[in-house]
Amino acid sequence: MSTALRYPTPAVVLHWLVALLIFVAFPLGVYMHELPASPDKLKLYSYHKWIGITILMLAAARVMWRTTYTPPALPASMAQWQHRVTHIVHGLLYVLILAIPLSGWLMSSAKGFQTVWFGVLPLPDLVGKDKALGELLAGVHQALNFSLLVLVFLHVAAALKHHFIERQPFMQRMSLSKKGQP
Amino acid sequence: MSMKRIFNALALLAVLASPAAGAGEYRTVLPGQSTIGFEFSQMGVPIKGGFKRFAVQMAFDPARPEAGRAQIDIDLASIDAGSSEADEESAGRLWFNRSAYPSAKFVSSRIRALGGNRYEMRGTLTLKGRSREMIVPVTFKPGKAAATFDGAFILKRLDFGIGEGMWADVATVANEVQVTFRIAASGK
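Sequence lines, in order, name chains S and C. Take the first sequence: its position 118, counted from the start at 1, is 118 in our numbering, and no numbers get skipped. Take the second sequence: its position 105, counted from the start at 1, is 105 in our numbering, and no numbers get skipped.
Since the hints were made in silico from the structure, they are not lab data. We treat Cβ as the ideally placed atom computed from N, Cα and C, and that holds for glycine. Don't take every hint at face value.
In silico BS3-like cross-links for lysine-lysine, where the CA-CA straight-line distance does not exceed 30 Å [as the list claims (entries may be wrong)]: (1) K111(S) - K156(C); (2) K48(C) - K43(S); (3) K129(S) - K52(C); (4) K48(C) - K111(S); (5) K52(C) - K41(S); (6) K144(C) - K52(C); (7) K128(C) - K111(S); (8) K43(S) - K156(C); (9) K43(S) - K52(C); (10) K48(C) - K41(S); (11) K129(S) - K48(C); (12) K129(S) - K156(C); (13) K156(C) - K41(S); (14) K131(S) - K52(C); (15) K128(C) - K43(S).
Which bits of chain S does chain C cover? Going by a derived footprint, with three or more residues having C-beta under 8 Å, they are [to be verified]: (16) 33-39; (17) 42-48; (18) 108-114.
Working from the sequences, and respecting the hints, build out all of it.
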């Protein structure tokens with residue numbers, strides 16, 4: 001049993017990179033959606049897709065890396081049900097950071113727009129142009145994102161509560177600095 | 001002889017007897033087998049589109065290509081610009097300004113044989129009130145039921161003011177539009 005209080009550094013770096021990119025891509029997605037047609041709208045859509053594909057790749061690396069280590073144990077003072085909920089929420093967050101960009105990529109293909117990462121790397125269209133499928137995937141993409149919003153809120157609120165209210169050394173788990181490590 | 005064989009033999013006779021089977025002048029365009037498409041790059045992404053309604057008047061005899069002529073009228077309202085949002089946007093003043101210029105017209109001026117089945121068609125394309133001389137390479141393929149004329153050329157959208165103002169930014173929507181067409185025609 002590992003006694004580490006902190007996730008391995010690559011996992012920490014990937015966590016914050018993905019978090020940062022989600023904090024850009026999410027509001028961008030909400031904002032760009034209702035804009036009237038303009039070159040800026042086309043640019044924002046492309047940036048959103050490029051960020052999303054970047055998240056997908058980082059998330060895939062994260063999930064693969066996650067199988068190689070045992071995460072730091074949760075504080076023993078936390079109730080068993082809290083352990084269970086924590087594992088479920090973490091699992092769902094991993095699923096969503098993969099499923100959301102994937103649904104966006106598929107939606108783009110179904111709407112007839114290939115995704116070309118940074119305007120350089122064309123990704124294959126995994127589904128053909130299909131208007132009804134495009135609209136369905138748009139709904140899926142939106143629903144997954146609002147699920148993510150709720151889960152991220154829970155995730156952040158729980159971390160803050162354990163750290164500041166219960167005064168557990170909780171933030172160290174994902175800290176970029178190694179200070180306070182045994 | 002089975003019924004199927006008799007039918008096949010009759011079908012062959014019918015094809016051989018049809019005017020299109022021999023050489024001659026092609027002038028009856030088959031709209032169902034003819035297409036006009038285009039492709040352009042938007043933020044590095046290839047976008048395909050086309051026009052569903054167009055009228056072609058033509059006469060072409062491979063024995064006398066220089067006497068050939070073609071006129072194509074395209075109903076710009078029949079555009080498929082890749083998405084319904086783009087279809088709507090393309091009607092606007094900055095793009096085709098379709099309420100003022102509902103159609104595009106190409107009129108050939110000169111057809112020249114390049115050897116083999118290849119020809120060069122010169123003509124004037126009028127789009128959004130602007131006329132430009134175009135040189136269009138065409139490949140002619142004779143067929144039993146119909147001949148096909150395949151062509152492709154690059155159109156620079158800004159030459160015709162397609163995408164003005166903010167849309168003149170070619171870094172977002174490329175200036176070059178690859179136009180491809182296939183016109184199928186039968187003889188006389």
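message = Tell me the numbers of any earlier hints that the structure contravenes, in ascending order.
response = none
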